[in-house]
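**Student:** Sequence:
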Amino acid sequence: MMTNKKGFPINYLVSMSSLQRIFDERSCFHWWKLAFLLLFINGCLMMPIALHLSTVKSVPLSLIAPTIDKTINTKFVSQIRGISIENGTLSAMSSHEQKSGNRLLAIDPSNTLKINGFGFHQSVKDFESVLVFQRHRLVISDENGFGFTLTYPKNESIMLTSDISDLKELVSQLWIRQYKPVYLAAAMLLCFIGLMFSNMILMGVMAFILWLTKHSKISDIHSFREAVAIVVMSAGWPSITALIVSLFSFDFGSMIMIQSIGLVLMISLVFWKTRFQNVRQKIVDA
Numbered sequence: 043m044m045t046n047k048k049g050f051p052i053n054y055l056v057s058m059s060s061l062q063r064i065f066d067e068r069s070c071f072h073w074w075k076l077a078f079l080l081l082f083i084n085g086c087l088m089m090p091i092a093l094h095l096s097t098v099k100s101v102p103l104s105l106i107a108p109t110i111d112k113t114i115n116t117k118f119v120s121q122i123r124g125i126s127i128e129n130g131t132l133s134a135m136s137s138h139e140q141k142s143g144n145r146l147l148a149i150d151p152s153n154t155l156k157i158n159g160f161g162f163h164q165s166v167k168d169f170e171s172v173l174v175f176q177r178h179r180l181v182i183s184d185e186n187g188f189g190f191t192l193t194y195p196k197n198e199s200i201m202l203t204s205d206i207s208d209l210k211e212l213v214s215q216l217w218i219r220q221y222k223p224v225y226l227a228a229a230m231l232l233c234f235i236g237l238m239f240s241n242m243i244l245m246g247v248m249a250f251i252l253w254l255t256k257h258s259k260i261s262d263i264h265s266f267r268e269a270v271a272i273v274v275m276s277a278g279w280p281s282i283t284a285l286i287v288s289l290f291s292f293d294f295g296s297m298i299m300i301q302s303i304g305l306v307l308m309i310s311l312v313f314w315k316t317r318f319q320n321v322r323q324k325i326v327d328a
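When we follow this note's numbering, the leftmost residue of the sequence shown carries the number 43, and every step to the right adds one.
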């Protein structure tokens, strides 16, 4: 069996570049190294996701406050039509409230409605879901327990219209401007966990199938760790290819498809090259 004398993780980069080495050096990677390499592969695929998320300028209101997203209606937007926000101040002079159970849509230029809570859990007393335009801020909360105070942008002029989609887009933009770091952190964490789970299933299934071949004479794979090592090394170039393609044209589904198809292709090529047999070692023994 060939021996890669280079240190970790350089030996991984060398091994994954050769079909023969992928099989011959399957026993050179201990479990902690394989875990590190899985994190490395996951990290490669996270790069285009992080770049894509950093360009986001708004998020769907249905994600921030799903109840409010459904509550906003034509009657309320007709009341805010013509109102402007100039240099962080609402121009409205009169108040308006639209109540429905524990939901409240309001224009409150005098700041008469008291805001309770703090941090990401702010709301108006006696209401769970609110959208309130006050003099210098917009208050939005939802039945899901989250509530935010959004300050109006300085040095900008915003004219409110009677279009529901325009109002939802405005709220989304105000939210992402103020809470983008929080959104990025939460979204990237969820994407990382989801991607890791997907990779573990994909590679776990492939490794399990390879491990089953140890019960036959067609394979010299003797342990599950060896099977995992073959899969992880085979996933190197497909993952890097998916990374490069996604940097130019990001699509999460396409990225996963490139990695998955590439992994299957690499393992097939390894089998074609080696037949999963220690040919070189058997020649030496002979």
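If you are wondering where the hints come from, they were derived from the structure by calculation, not from laboratory data. In this text the structure is predicted, and so the values were computed from the model without any measurement. You may find that some hints are simply not true.
Unchecked claim - Computed list of lysine to aspartate or glutamate pairs in DMTMM-like fashion (alpha-carbon distance at most 20 Å, straight line):
hint, residue 1, residue 2
1, Lys99, Asp168
2, Lys112, Asp66
3, Lys196, Glu185
4, Lys112, Glu198
5, Lys210, Asp111
6, Lys156, Glu198
7, Lys156, Asp168
**Student:** Indicate, hint by hint, whether the structure satisfies it.
**Tutor:** So, going through the hints one by one against the coordinates:
Using a Cα cut-off of 20 Å, the hinted pair lysine 99 and aspartate 168 is violated, with the two alpha carbons roughly 32 Å apart. At most 20 Å may separate the alpha-carbon atoms for a hinted pair to count; lysine 112 and aspartate 66 exceed this at roughly 59 Å. At roughly 30 Å between alpha-carbon atoms, lysine 196 and glutamate 185 are farther apart than 20 Å, so this suggested pair is violated. Between lysine 112 and glutamate 198, the direct Cα distance comes to roughly 28 Å. Violation of the 20 Å bound is thereby established for this hinted pair.
The hinted pair formed by lysine 210 and aspartate 111 meets the criterion: a straight-line CA distance of about 7 Å does not exceed 20 Å. Of the pairs offered as hints, the one joining lysine 156 and glutamate 198 is violated, with about 27 Å between alpha carbons and a cut-off of 20 Å exceeded. Between lysine 156 and aspartate 168 the alpha-carbon distance is near 10 Å, which keeps this suggested pair within the 20 Å criterion.
Hint compliance for this structure: hints 1, 2, 3, 4 and 6 are not met, and every other hint is.
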